[in-house]
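> Protein chains in written order, with this note's numbering: chain Z, 56 to 382; chain H, 955 to 1275.
Hints were generated in silico from the structure; no laboratory data involved.
Glycine included, every Cβ here is placed at the ideal spot set by N, Cα and C.
Certain hints may be false.
Computed Cβ-Cβ distance ranges for the label pairs, DEER-style [said to hold, decoys possible]:
| id | chain 1 | residue 1 | chain 2 | residue 2 | range |
| --- | --- | --- | --- | --- | --- |
| 1 | Z | VAL367 | H | PRO1242 | 53 to 61 Å |
| 2 | Z | VAL375 | H | PRO1095 | 22 to 30 Å |
| 3 | H | HIS1157 | Z | THR313 | 27 to 35 Å |
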Amino acid sequence: MDTLAFLIRRLGQAVVVMLVISVIGFSIQDNLGDPLRELVGQAVSEAERQALRDEMGLNDPFVLRFGRFLAGAVQGDLGTSYFFKRPALEVILDKFPATFELVLAASLIIVLVSVPLGVFCAIRPNGWVTQAIMGFSIVGISIPVFLTAIFLIYIFSIELGWLPSFGRGQTVTLGWWTTGLLTRDGLAHLVLPAIALSSIMLPLFIRLIRGEMMEVLRTEYVRFAWAKGLSSRRVWFVHAFKNTLLPVITVGGVQIGTLIAYTILTETVFQWPGMGFLFLEAVNRVDTPLIIAYIIVVGLIFVVTNTVVDLVYTLVNPMVKITGRAA
Amino acid sequence: MALLEVRGLEVTFPLRGAALTALRGVDFTLDAGERLGIVGESGAGKSMAAFAILNLISEPGRISAGEILFDGRDLARLSDNHMRAIRGNRIAMIFQDPMMTLNPVLTIGTQMVECLKAHQKIGEAEAKRRAIEKLREVAIPSPETRFDSYPHELSGGLRQRVVIAIALLLDPAIIIADEPTTALDVTIQAEIMGLMIALCENHNVGLILITHDIAVVSEITRRLIVMYAGRIVEAGPTAELIAAPRHPYTRGLLKALPQKNRPGGMLHQIPGTMPSLAAIPDGCAFHPRCEHADARCRRSVPALRDVGGRLVSCHHAERIS
């Protein structure tokens, strides 16, 4: 019941956020090139251009155009891509599974690697392994993602020839969703892009988990847990780690959203047929409906991720009870 | 033979080459079922002594000399696994602030059951039954419900009762209570202290009560240790120490108490503050704050010696009474 009320309140907030995003997105249209040039080329006279503008409603006042856009948007119509000549939302959603699977794989790598390493570095703060991991993570933070990607391609695709370096490989279609997770070839294609994408967040997460965990290990309740004669495993992984998770979930949730931004670079380097790659192409072609559709879809993903993170947080922290009332 | 015997205990913190000595030559004993008080200002080393007994000094501190004899074994040299078997089982501890002592994300029940399971082969149902029994013993209302509560759902007084219940869970021989009532409301302090004493008596548990509150110690302990700057400065029967303190520091502590017969009068203060570990003065560590200090006090550390049936470390112990 409480959860339902929480979701309803969250929905209200989401509407406001989405409205702001759509205003920003739509405003970009006014300042981003001239769609006519992309649409009709250069051999069309100025008079014909003006006629086309009027016909497309490009000369109407901003408020009117925005209203028209919004009315369409709530019905799932985000305009028609100038380049693909298809509904922009449809074009984006075609590419969504590829990006989703890439972000999912990268997030999995981040969680599976950063948790054990972060915990290890916290409970053995002075060991040489810890020093090595921490040193490596400093280097990792400073290397831009496209450079990591190029290194990976050079080593594993060109020199060793172990893994493919571009595209999604063989995919399977399940309804409207195309997945690369069910074939060997699809998984092989996923490895390098996922590693490249995770590399940007991995050092941050290791340092975050280590820092929080060391903080928790100094608390009185951890000392009391030791005084009760519990095993190290129990003190570290039940008493300390559960408390470490709280801040990590908060920061981590936001960062996972940020990963989507990095997919633009990763997908471009690996020619990954996802939303980020599509977005970059759309920018080059000044395909404004597609750009706006991308911004809105990504905004929606952010809102959904943050809501899920909040729900997970309440599961871990008994002191936060979901309530329907505004906090 | 005493249940617990601490001999020449020394704790040092190696820091950037220099080693800070937090405890020096601490000796005391505790008999079964006895109640011992350790008093002193903050930084005197009383908590350090408590944590040293359980080998729980925070890094990088360590026991650098001395013995802690318990059950025929030296706790200062015990392996981690053997030490773990003693913690919470034979020697339990009660911490100062019940708001910080219990893990906020685990239920009271989880935190009790895990302690039983760490030391005994015991089933879930049986462990729960024993935990609830202990909760009832410390007079927690509706213990079955509280078993599933989280710490934040309980008041400070109730939480400290839970901590006491956890300490008593495995019928330890010794409980070390580090300022167990300091963080509580005054009205609840007496209640909790009374409960602790009653339980220790019922189960014949030895109690080491660490506090800065001489009034509390005078009511419930038989023997008293006064610590200053990591050393014992006076030790003996509580009643005698309080009636006629021989160390100037003990005198100062007693004079700083509000007097019932002089309401509205100014409270006495010991001038100055406890020195930090890095700057303990030569000679008697208390001499900069002492009205009796002379050249000898500045030069040589007074030995802890027997003066009229108690131990005092002061060159002028005979003069002061």
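> Against the structure shown, which of the earlier numbered hints fail to hold, in ascending order?
3
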